[in-house]
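**Q** Read top to bottom, the protein sequences are chains A and B. According to our numbering, the first sequence is numbered sequentially starting from 1. According to our numbering, the second sequence is numbered sequentially starting from 1.
If you're looking for bench data, these hints aren't it; they were derived computationally from the structure. Careful, some of the hints might be misleading.
In silico lysine-lysine, DSBU-like type, Cα no more than 35 Å apart, as pairs [stated by the list, open to error]:
1) Lys-510/A / Lys-98/B
2) Lys-16/B / Lys-687/A
3) Lys-687/A / Lys-98/B
4) Lys-465/A / Lys-593/A
5) Lys-643/A / Lys-37/B
6) Lys-37/B / Lys-58/A
7) Lys-538/A / Lys-158/B
8) Lys-158/B / Lys-37/B
Take a look at the letters that make up each chain.
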Amino acid sequence: MPPEVVDVPLRIVRTSRRHDSATRHVSGSATYIDDMPEPHGTLHLAPGGAPVARGKIKSVDLDAVRAAPGVVRVLTAADIPGTNDVSPVVGDDPALADGEVQFHGQVVFAVVAETREAARRAVKLAKIEIDAETPLVTVDEALSADLNILPEYRFTTGEVGAALAASPHRLDGTLRIGGQEHFYLEGQVALAVPGEDEMLVYSSTQHPSELQALVAHMLKLPQAAVTVEVRRMGGAFGGKESQAAQWGALAALAARLTGRACKMRLDRDDDMIMTGKRHDFRADYQLGFDGEGRLNGYDVLLSSRCGYSADLSQGINDRAMFHADNAYYLPAANILSKRMKTHTVSNTAFRGFGGPQGMMAIERAMDDIAWTLGLDPLDVRIRNLYGDGRDMTPYGMRVTDNISPELIAGLERSSDYRARRKAIAAFNADSPIIKRGIALTPVKFGISFTNTFLNQGGALVHVYKDGTVHLNHGGTEMGQGLFVKIAQVVAEEFGIDLEHVKITATTTAKVPNTSPTAASSGTDINGMAAQSAARIIKDRLTDFAASFYNVPREQVAFRENKVFYGNHSVAFSELILRAHVGQVSLSSTGFYKTPDLTWDQAKAHGRPFYYFSYGAACSEVMIDTLTGEMKVERIDILHDVGKSLNPAIDIGQIEGGFVQGMGWLTAEELVYDAKGRLLTHAPSTYKIPTSSDVPADFRVALFDGANREATIYRSKAVGEPPLMLAISVFCAVADAIHSLAPGRRVPLDAPATPESILRAVKAVAQH
Amino acid sequence: MTGASRRAIKLQVNGKPHAAEVDVRLTLADCLRQEFKLTGTHLGCEHGVCGACTVLLDGQSVRACLMLAVQADGRAVATVEGLAGADGKLNILQQAFKDHHGLQCGFCTPGILMTLTECFADKPDLTEQDIRVALSGNICRCTGYQGIVDAAMDALRKMRSLL
Ligand code: FES
Ligand code: FES
Chain A
1 MPPEVVDVPL RIVRTSRRHD SATRHVSGSA TYIDDMPEPH GTLHLAPGGA PVARGKIKSV
61 DLDAVRAAPG VVRVLTAADI PGTNDVSPVV GDDPALADGE VQFHGQVVFA VVAETREAAR
121 RAVKLAKIEI DAETPLVTVD EALSADLNIL PEYRFTTGEV GAALAASPHR LDGTLRIGGQ
181 EHFYLEGQVA LAVPGEDEML VYSSTQHPSE LQALVAHMLK LPQAAVTVEV RRMGGAFGGK
241 ESQAAQWGAL AALAARLTGR ACKMRLDRDD DMIMTGKRHD FRADYQLGFD GEGRLNGYDV
301 LLSSRCGYSA DLSQGINDRA MFHADNAYYL PAANILSKRM KTHTVSNTAF RGFGGPQGMM
361 AIERAMDDIA WTLGLDPLDV RIRNLYGDGR DMTPYGMRVT DNISPELIAG LERSSDYRAR
421 RKAIAAFNAD SPIIKRGIAL TPVKFGISFT NTFLNQGGAL VHVYKDGTVH LNHGGTEMGQ
481 GLFVKIAQVV AEEFGIDLEH VKITATTTAK VPNTSPTAAS SGTDINGMAA QSAARIIKDR
541 LTDFAASFYN VPREQVAFRE NKVFYGNHSV AFSELILRAH VGQVSLSSTG FYKTPDLTWD
601 QAKAHGRPFY YFSYGAACSE VMIDTLTGEM KVERIDILHD VGKSLNPAID IGQIEGGFVQ
661 GMGWLTAEEL VYDAKGRLLT HAPSTYKIPT SSDVPADFRV ALFDGANREA TIYRSKAVGE
721 PPLMLAISVF CAVADAIHSL APGRRVPLDA PATPESILRA VKAVAQH
Chain B
1 MTGASRRAIK LQVNGKPHAA EVDVRLTLAD CLRQEFKLTG THLGCEHGVC GACTVLLDGQ
61 SVRACLMLAV QADGRAVATV EGLAGADGKL NILQQAFKDH HGLQCGFCTP GILMTLTECF
121 ADKPDLTEQD IRVALSGNIC RCTGYQGIVD AAMDALRKMR SLL
């Protein structure tokens, strides 16, 4: 590991700073898109969805809609001047359905009216006739029909057939893993403002540059004439990476056609019906292992419900495969991924991006092995970790930063795992109905977009004559604290207080051609770009100060709002003024691309990740075996964020990610009927964790260690990895059920709702 | 819209008189946001489930998305915008949310602050468990609630010490 070069003590990075908008948030003055003053005459859109899941459109009668009070215009596919597509990659997501519909609720038309209320009422007057066909709704149905949305993909390492055959123990199994609704608290929203052959779109999007390109194609405008801006989102979690585009594009289309500002804010039911979710998966696996519980071979088929179009399903399913090993060495493996097409909404990015589902399968395998051999599941996990001479992943990347053994040992101690396991066994022996369970599970998560070119960030920094700094970069703020972290980096660079750095809205007009704020990469790539921009300006200032004050360059230093030269100092703002008079440019862009990445998709080989983030969690639960009720009693987490740029923000990400993962695996259940209609399309029927579902005993600590790679101040990404720590809750539930019939495998599927727990309880009791 | 479907209303919002002529079907949330430009009251679900739109009506918490503006006629509404002092100084609860990182995206924050404002006015002897239960009608999708509960407990302690 190259030594870290820090020439001055750090004052601003690596300290806990509040979210930059905290004061506004507690005062109600933080402006989300729906809160912006609307331009005079703003119109409102409401979407009209398909009444059935699959079929040819026979007729669309919108006369009554057009005649409804307040309606200004109705949009259909025929109104689109350019390309009718809002997809991120493949070109298969019409903004407005044309000819056929492929999922229940797919947008067929949109009403543009004087008020949102009028638009929503008018939508109901449409008469859509469709030649309905039977939809494929589940993964199983799509597998029987062999309907794929993308070609299957495979990683192999070693000879898995031979390894399985030679293993003293063999098992096979199936695990079903449910999807998840994002439920960002701020629903999808966009406001489009037409200009002089220009379009400005305010959109709650994680990917402004993509929306910019889609709007340009749709309206036949050059990309230079379209600007997309977002100051903040009220949560996103992946749900606004590709699927914010449709609403922004429709608002822009309406604005172009009416010449008036147009806003589209989805009603929550529409949002849940019309936007994609986390992919549900089915994992079918075979294991071969030795008497100690060490895996010899792992053969897994990961089949997912992608929905009607490709969306981001390639990357998501690839990432499931990249995490099929989690933290474990697989001497021989066959990892096959099938991306199934169903007549349901197109599933999309969601925190973890397929990784969580890949990990779930191997964590179940660890439990299976432990149950079969009568071992403690933690011992099986520890024996299978990557280690010396066991460091090659199934995709040809060596694990060189492995801290799992140390981290797990630390958590095993601090959580008092062994003593608690004994106490739980004693409790269970005396308690016939209420059973407790515990599990300690690791996470190893690869950081970088696996689509390598996306690993680039951009920034724009200006210093004004009063010494204040204007900061802009390609990342978007969705609550994760990205903006304050990057402002810390820039303030550190100039040696000025954080409040002198003005954070500004993300806009395609300042930093172009950006990657989505996704893959946990926001700080890694944009932080480096912002640092680079600041360094370019600081270099010029250093040169200027050296010559102006006639000192060697090495004697110029920036700290405490001052610039030191020799034995003297000058206020930063004063130096800036002098530099301006001295004709020094005080503005710069910055750019960063992640180094050393290689990925050969055809050979399924390379180094797709710059580094791994690690973590582990220990969860204890209690279940009622008569009702299936479950309560999480205690959570201990030890998580690796390298050298944290902002420990308070990172701990918030860990806690929030964990609880979101816990919701996914224990409470949140998406139910579709046989006709492909989502029955759980409101928070009244879709259960999201609340404060009383989270235990008071929730201990989170940061692992002490630097990133081995030269990331921004040796920090590590934090957005996604903590979500997967919640697999420990799922495994603890299985452990509690296992206590009913030791030695039997527990067929618990996710989410472990009371119904699912009861099914598993019955299954183990029946044998 | 016909004339009969509109009505003039007068109410106090954060202690100041407000008046508007509104569609009788206009929700209190839309009235606050659109008529009075008080956009701190957020709409998360428009179904009465998420709690983002929580405001106080004569001191009692209500879901502004489920209530009609005309039902608030003649009554006193308190919203997040009224929590800070006239000089803009944050109150104890607001400051605690800032200090304890009780927010991320911030969209749930106003509703949570209003729910707690009601709770704290009623019963200063709340336990952490009481707070978790009191907040169980307010969804936060970002924080996992730890920062929120810490902030609430800290505010409670500070308020008690002032009694
Ligand atoms: S918006 Fe009123 S409760 Fe959700
Ligand atoms: S902070 Fe985002 S919903 Fe609570």
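**Q** Check whether the Cα positions of Lys-643/A and Lys-37/B lie no farther apart than 35 Å.
**A** Given pair Lys-643/A, Lys-37/B is violated - Cα atoms ~43 Å apart, limit 35 Å.
**Q** Between the alpha carbons of Lys-158/B and Lys-37/B, is the straight-line distance 35 Å or under?
**A** The given pair, whose Cα atoms are some 32 Å apart, holds under the 35 Å limit.
**Q** Checking one constraint from the list: CA of Lys-16/B to CA of Lys-687/A, max 35 Å. Satisfied?
**A** Outside the cut-off at roughly 38 Å; violated.
**Q** Is the Cα-Cα distance between Lys-538/A and Lys-158/B 35 Å or less?
**A** 44 Å, violated
**Q** Checking one constraint from the list: CA of Lys-37/B to CA of Lys-58/A, max 35 Å. Satisfied?
**A** 44 Å, violated
**Q** Keeping to a limit of 35 Å between CA atoms, is the pair of Lys-510/A and Lys-98/B held or broken?
**A** 30 Å, holds
**Q** Hey, Lys-687/A versus Lys-98/B, does the alpha-carbon distance stay inside 35 Å?
**A** 28 Å, holds
**Q** Take a quick look at whether Lys-465/A and Lys-593/A sit within 35 Å of each other, Cα to Cα.
**A** This hinted pair holds, its Cα atoms lying about 31 Å apart.
In this structure, the hints that do not hold are numbers 2, 5, 6 and 7, in rising order.
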